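Here the structure of chain S is known, so what remains is to put chain U in place on it, guided by the hints.
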Amino acid sequence: MSIILEIKDIVKKFGAFTAINQVSLDLVEGEIHAILGENGAGKTTLMNVLYGLYEPTEGDIFLNQKKLNISSPMKAIELGIGMIHQHFMLIKAFTVLENIILGLESEKKPFLDKDSARKKIIRIANENNLTVDLDAVVADLSVGQQQQVEILKALYRGAKILILDEPTAVLTPQECVKLFRTLQILANQGHSILFISHKLDEVLEISNRISILRKGVHICTIEAVGVDKALLAELMVGRECELTVKKDSIEPGEVVLEAKNLFINGSNFASNIKNVSFEIRQGQIIGIAGVDGNGQRELIEGIAGLRKVESGSVVFRGQDITNNKPSDILECGIAFVPEDRNKVGSIGKFTLVENVILRTHHKEPNVHTHFIDYKYASKLTEEMIEEYDIRTANQNIEACMLSGGNLQKLIMAREIHTDSDLLLAMHPTRGLDVGAIEFVHQKLLELRENKKAIILVSTELDEIMEMSDIIVVLYNGEITGVVESSCIDKESIGQLMLGETNSNGRYQSSTISPGDYTE
Amino acid sequence: MNKYLTSTFIITYLIAMIKTSIPILLAASGEIYSERSGVVNINLEGQILAGAFFAFLGAYITGSLFLGAIMGILAGMLFALAFGFACITKKASQIVVGITLNITALGITSYLNRAYFGITTSLPRVKVMPQVLVPVLNKIPILGEVFFSRDLMVYISLFTAILSYVIIFKTTFGLKMRSAGEYPRAAETMGVNVYRIQYISLLLCGGLAGLGGSYLTLGMLGGFMENISGGRGFIALALVIFGKWHPLKILLAAMLFGGADALQVRLQAIGADIPYQFMLMTPYLLTIFILIITGKRATQPAALGVPYDREKL
Chain S
297 MSIILEIKDI
307 VKKFGAFTAI
317 NQVSLDLVEG
327 EIHAILGENG
337 AGKTTLMNVL
347 YGLYEPTEGD
357 IFLNQKKLNI
367 SSPMKAIELG
377 IGMIHQHFML
387 IKAFTVLENI
397 ILGLESEKKP
407 FLDKDSARKK
417 IIRIANENNL
427 TVDLDAVVAD
437 LSVGQQQQVE
447 ILKALYRGAK
457 ILILDEPTAV
467 LTPQECVKLF
477 RTLQILANQG
487 HSILFISHKL
497 DEVLEISNRI
507 SILRKGVHIC
517 TIEAVGVDKA
527 LLAELMVGRE
537 CELTVKKDSI
547 EPGEVVLEAK
557 NLFINGSNFA
567 SNIKNVSFEI
577 RQGQIIGIAG
587 VDGNGQRELI
597 EGIAGLRKVE
607 SGSVVFRGQD
617 ITNNKPSDIL
627 ECGIAFVPED
637 RNKVGSIGKF
647 TLVENVILRT
657 HHKEPNVHTH
667 FIDYKYASKL
677 TEEMIEEYDI
687 RTANQNIEAC
697 MLSGGNLQKL
707 IMAREIHTDS
717 DLLLAMHPTR
727 GLDVGAIEFV
737 HQKLLELREN
747 KKAIILVSTE
757 LDEIMEMSDI
767 IVVLYNGEIT
777 GVVESSCIDK
787 ESIGQLMLGE
797 TNSNGRYQSS
807 TISPGDYTE
Chain U
1263 MNKYLTSTFI
1273 ITYLIAMIKT
1283 SIPILLAASG
1293 EIYSERSGVV
1303 NINLEGQILA
1313 GAFFAFLGAY
1323 ITGSLFLGAI
1333 MGILAGMLFA
1343 LAFGFACITK
1353 KASQIVVGIT
1363 LNITALGITS
1373 YLNRAYFGIT
1383 TSLPRVKVMP
1393 QVLVPVLNKI
1403 PILGEVFFSR
1413 DLMVYISLFT
1423 AILSYVIIFK
1433 TTFGLKMRSA
1443 GEYPRAAETM
1453 GVNVYRIQYI
1463 SLLLCGGLAG
1473 LGGSYLTLGM
1483 LGGFMENISG
1493 GRGFIALALV
1503 IFGKWHPLKI
1513 LLAAMLFGGA
1523 DALQVRLQAI
1533 GADIPYQFML
1543 MTPYLLTIFI
1553 LIITGKRATQ
1563 PAALGVPYDR
1573 EKL
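Chains S and U, in that order, are what the protein sequence lines are. 297 is the number of the first residue of the first sequence in the working numbering; add one for each residue after it. 1263 is the number of the first residue of the second sequence in the working numbering; add one for each residue after it.
Only chain S is shown next, with the shape it has when bound in the complex (with noise of 0.2 Å):
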């Protein structure tokens, strides 16, 4: 066990700004480490200079105790590190095999040498215990199985160190665990890992040892047996955080939306929402657990009128909703969070404020006989930043130069200031760091204790248990159970997620069929 890559007293800065300080790491041959931190806390600029792709301001890199200068990507990758991008750096369009062995020389030059390539790459997926169908279309796979490409890549061109940058933001849990199989796996083969995360658990999970950086500065590196998620959390925050949610108990009002048999159609059969009915009430949380692709998407998107609901209704307040305009259904009191931040839930060009009346920019007090009120809209907006601890330069920047905590903060302002009845919440959390997860929480849960409706759609599990009040589960576009939060455990809505409906009359007692719900 030696020493395969040391740092020492790395300082990266931006002009004025210092992304990190004085950062001091080792990593040791066949473990795996990992660098914990809020979002913004230097975690991708660190492995950005690894990687080559900035140059360190200050500090020195030693491989194998060589000081060593890493000018760009091909030098790191010659040296052998290897960098698992967040964001996949594979050509859709192409297949397995022919991203693996792009941009590298051939043994027949000019010509692609493809069959001594498959031989090679079909010995190291083997080796490490990698399955992917080399000639499938990159576009055609799971991110799962694009991740596995990713790693095969890096693998493929002799990398010994392998920097993952937030590896678990875009997969599944099944996959997830995959993954770790994976990284288990190859360091046992001898390969060092960097894993970049600001997920507890998983942390906890996955590694030999954790490195901990906040604002730029490098905290400590700990061994991970024996340490508890409290103490990381706080070691990462900087204070103590309430990882659990606490939550008075509310008297629920009358019915805000009622959906009945709804039948929506989703982008495969698991995702067909068929014969759905719920109702949720003022002052609830439902919860709408499933793995993902599970037909929770469909779901909201009918609600939201957004998809076309096929038979089935949408009643809100006794008003019947159902396949309406987007406009009118938002307009009349129902506020979306929707999946995906960057695409639609903002508009990346545009400047906060305008991303803030986005909803609003049509109707006073934003508009005044056709023109934008821009002074009103930059004082609410500045407002929001101010509320909601929105971090940034100012509110004139555009909207794509937020992290995805800060977009989600100005998202859910935007949408709760439209004080409607009903919040349509989906993956609020996902991709956020602890100290985000508890401000959307805490949000949440005022809208709550202000006797509004939120039907919130989460993979998480813990999540959705100490959130809602009432889990809705699908499984297969179909709800396999609808049960209380406070009498169901963790591994009951597991199996209900997987679609074994009260097989053993376990949850009998806590299942309450839809509609059937009353106080």
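If you're looking for bench data, these hints aren't it; they were derived computationally from the structure. Small disclaimer: the values here were computed from a predicted structure and weren't measured. For glycine and all other residues, C-beta sits at the position ideal for the given N, C-alpha and C. Among the hints, a few may not be true.
Below, simulated SDA-like cross-link-like pairs (lysine to any residue); rule was C-alpha separation at most 25 Å, straight line [stated by the list, open to error]: (1) S/K404 <-> U/I1424; (2) S/K404 <-> U/V1428; (3) S/K371 <-> S/E327; (4) U/K1506 <-> S/K639; (5) U/K1511 <-> S/D431; (6) S/K645 <-> U/G1567; (7) S/K410 <-> U/G1567; (8) S/K405 <-> U/Y1427; (9) S/K645 <-> U/P1569; (10) U/K1352 <-> S/G644; (11) S/K410 <-> U/T1433; (12) U/K1432 <-> S/K639; (13) U/K1432 <-> S/D411; (14) S/K388 <-> U/Y1427; (15) S/K371 <-> U/F1435; (16) S/K405 <-> U/R1458; (17) U/K1432 <-> S/E401; (18) U/K1353 <-> S/G644; (19) S/K405 <-> U/A1423; (20) S/K639 <-> U/G1453; (21) S/K645 <-> U/S1355; (22) U/K1558 <-> S/E327; (23) S/K405 <-> U/P1569; (24) S/K404 <-> U/T1366.
So these bits of chain U aren't anywhere near chain S, every CB distance computed over 10 Å [claimed, not checked]: (25) L1336; (26) A1344; (27) Q1393; (28) V1396; (29) V1398; (30) S1411; (31) Y1445; (32) A1448; (33) V1454; (34) I1536; (35) Y1538; (36) Q1539; (37) F1540.
Label-pair distances were calculated between CB atoms; the ranges are [what the hints assert, rightly or not]: (38) S/A432 <-> U/A1354: 37 to 43 Å; (39) S/N690 <-> U/L1425: 52 to 58 Å; (40) U/S1372 <-> S/A432: 52 to 58 Å.
Okay, now just chain U, sitting in the frame of chain S:
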């Protein structure tokens, strides 16, 4: 009409079809390189026109068709270089720069034509490219006369289409080129120099377009007329979509267009009772028609027309 459907008529028609299709075929073959690497070379029309004029000028001055064709290639490449500098290095809009350079090419060639040759009633001429018989193969009935008794340029063009197929799909350069047009940032992380690949592809395109232009003057007409390219660059752009960015499909597509063009010329000659302007429209109408049918289904390179900026993450 039966008296026209003789074997002589059919053979001369097929010959005309091939000859007419050559400039479009060369330009479209070039455009594949450019578009596969992510650059829409709207300047194709201008590159053909420049190639046509400078090839003729070169041949007229030196008396050598070969040197003329080289001049044509260089002229096309020069325009491609200007286009590349503006659009790749300076990241200007490919559409705007392309259109501007097309107008520039029209202006320059018309001006130089009048300045050098003056306005004359009789067109200054060079001898068109001579027939080159392919041994043995030219003895095959009909096919021999149609395909293997043509000039050198026809053979070069057909060979170019096949060679392009090999380059694009079978070589490391081709893979790099396609990756630049699909996802340049990913390509760059794999060690592909996107700018370099785009310049090379664009210059290849300019050269082929210039060569196609030189066939208009040196292979078909033997002289130069203002705006001799007559929209062939745009037809070639459409062909690339129709042929799904695939050199061999584009070869067939070019033949189809050549056939339509040659047919309307024949129909005019026969004296069919339709105003000739409508006949002249045929290839263009065919272009529009085919684009309407196939344009929607075509999947273009994902990063086509988006200037790649290395510094911008």
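Consistency of the hints with the structure:
1. Distance check on the hinted pair: S/K404 and U/I1424 sit about 20 Å apart at the alpha-carbon level, within 25 Å; holds.
2. A C-alpha spacing of about 14 Å is found between S/K404 and U/V1428, which places the hinted pair at or below 25 Å, so the restraint holds.
3. Between the alpha carbons of S/K371 and S/E327 the distance comes to roughly 23 Å, so the proposed pair stays at or under 25 Å and holds.
4. Annotation: proposed proximity of U/K1506 to S/K639 is violated, straight-line Cα distance about 29 Å (limit 25 Å).
5. For the hint linking U/K1511 to S/D431, the alpha-carbon distance of about 23 Å falls within 25 Å, and the restraint holds.
6. Proposed proximity of S/K645 and U/G1567 is supported: the alpha carbons are some 19 Å apart, at most 25 Å.
7. At roughly 30 Å between alpha-carbon atoms, S/K410 and U/G1567 are farther apart than 25 Å, so this suggested pair is violated.
8. For the hint linking S/K405 to U/Y1427, the alpha-carbon distance of about 17 Å falls within 25 Å, and the restraint holds.
9. Straight-line distance between C-alpha atoms of S/K645 and U/P1569 comes to about 17 Å, which keeps the hinted pair within the 25 Å bound.
10. Annotation: proposed proximity of U/K1352 to S/G644 holds, straight-line Cα distance about 24 Å (limit 25 Å).
11. At roughly 10 Å between alpha-carbon atoms, S/K410 and U/T1433 fall within 25 Å of each other, so this suggested pair holds.
12. Taken as a hint, the U/K1432 and S/K639 pair is broken in the structure, with Cα atoms around 37 Å apart against an allowance of 25 Å.
13. For the given pair, U/K1432 sits about 12 Å from S/D411 by alpha-carbon distance, which is consistent with the 25 Å threshold.
14. Using a Cα cut-off of 25 Å, the hinted pair S/K388 and U/Y1427 holds, with the two alpha carbons roughly 21 Å apart.
15. Taken as a hint, the S/K371 and U/F1435 pair is honoured in the structure, with Cα atoms around 21 Å apart against an allowance of 25 Å.
16. At most 25 Å may separate the alpha-carbon atoms for a hinted pair to count; S/K405 and U/R1458 meet this at roughly 19 Å.
17. At most 25 Å may separate the alpha-carbon atoms for a hinted pair to count; U/K1432 and S/E401 meet this at roughly 13 Å.
18. A threshold of 25 Å between alpha carbons decides the hint, and for U/K1353 with S/G644 the separation of about 21 Å falls inside it, so the pair holds.
19. Only pairs whose Cα atoms come within 25 Å are accepted, and S/K405 paired with U/A1423 is accepted, the gap being roughly 21 Å.
20. Distance restraint check for S/K639 and U/G1453: the Cα-Cα separation of roughly 29 Å exceeds the 25 Å cut-off, and the hinted pair is therefore not satisfied.
21. The hinted pair formed by S/K645 and U/S1355 meets the criterion: a straight-line CA distance of about 18 Å does not exceed 25 Å.
22. Between U/K1558 and S/E327, the direct Cα distance comes to roughly 51 Å. Violation of the 25 Å bound is thereby established for this hinted pair.
23. Our distance criterion of 25 Å between C-alpha atoms is broken by S/K405 and U/P1569, whose separation comes to about 29 Å.
24. Under the criterion of a C-alpha separation no larger than 25 Å, the hint pairing S/K404 with U/T1366 is inconsistent with the structure, at around 43 Å.
25. Every Cβ of chain S is farther than 10 Å from the Cβ of U/L1336; the closest lies at roughly 25 Å, confirming the non-interface assignment.
26. Non-interface call for U/A1344 relative to chain S: holds, since the shortest CB-CB distance, roughly 28 Å, exceeds 10 Å.
27. The non-interface label for U/Q1393 is consistent with chain S: the shortest C-beta to C-beta separation is roughly 34 Å, beyond 10 Å.
28. With a least beta-carbon separation of about 27 Å from chain S, U/V1396 lies farther than 10 Å from that chain, consistent with its non-interface assignment.
29. Residue-level check passed: U/V1398 sits 30 Å from the nearest beta carbon of chain S, beyond 10 Å.
30. At the 10 Å boundary, the C-beta of U/S1411 stays outside the reach of chain S, the nearest C-beta of that chain being 33 Å off.
31. U/Y1445, annotated as away from the interface, has a beta carbon of chain S within 10 Å; the closest lies near 5 Å.
32. Annotated as non-interface, U/A1448 brings its C-beta within 10 Å of a C-beta of chain S; the closest such distance is 4 Å.
33. Not every Cβ of chain S is farther than 10 Å from the Cβ of U/V1454; the closest lies at roughly 5 Å, contradicting the non-interface assignment.
34. For U/I1536, the non-interface assignment is confirmed: its Cβ lies about 44 Å from the closest Cβ of chain S, beyond the 10 Å cut-off.
35. At roughly 44 Å from the closest C-beta of chain S, the C-beta of U/Y1538 stays outside 10 Å, upholding its exclusion from the interface.
36. U/Q1539, annotated as away from the interface, keeps every beta carbon of chain S farther than 10 Å; the closest lies near 42 Å.
37. The claim that U/F1540 is not at the interface with chain S holds, since no C-beta of that chain comes within 10 Å of its own (minimum 41 Å).
38. Between S/A432 and U/A1354 the Cβ separation comes to about 38 Å, which falls inside the hinted range of 37 to 43 Å.
39. As the Cβ distance of S/N690 to U/L1425 is approximately 56 Å, the hint placing it in 52 to 58 Å holds.
40. In this structure, U/S1372 and S/A432 meet the distance hint of 52 to 58 Å, their C-beta atoms being roughly 53 Å apart.
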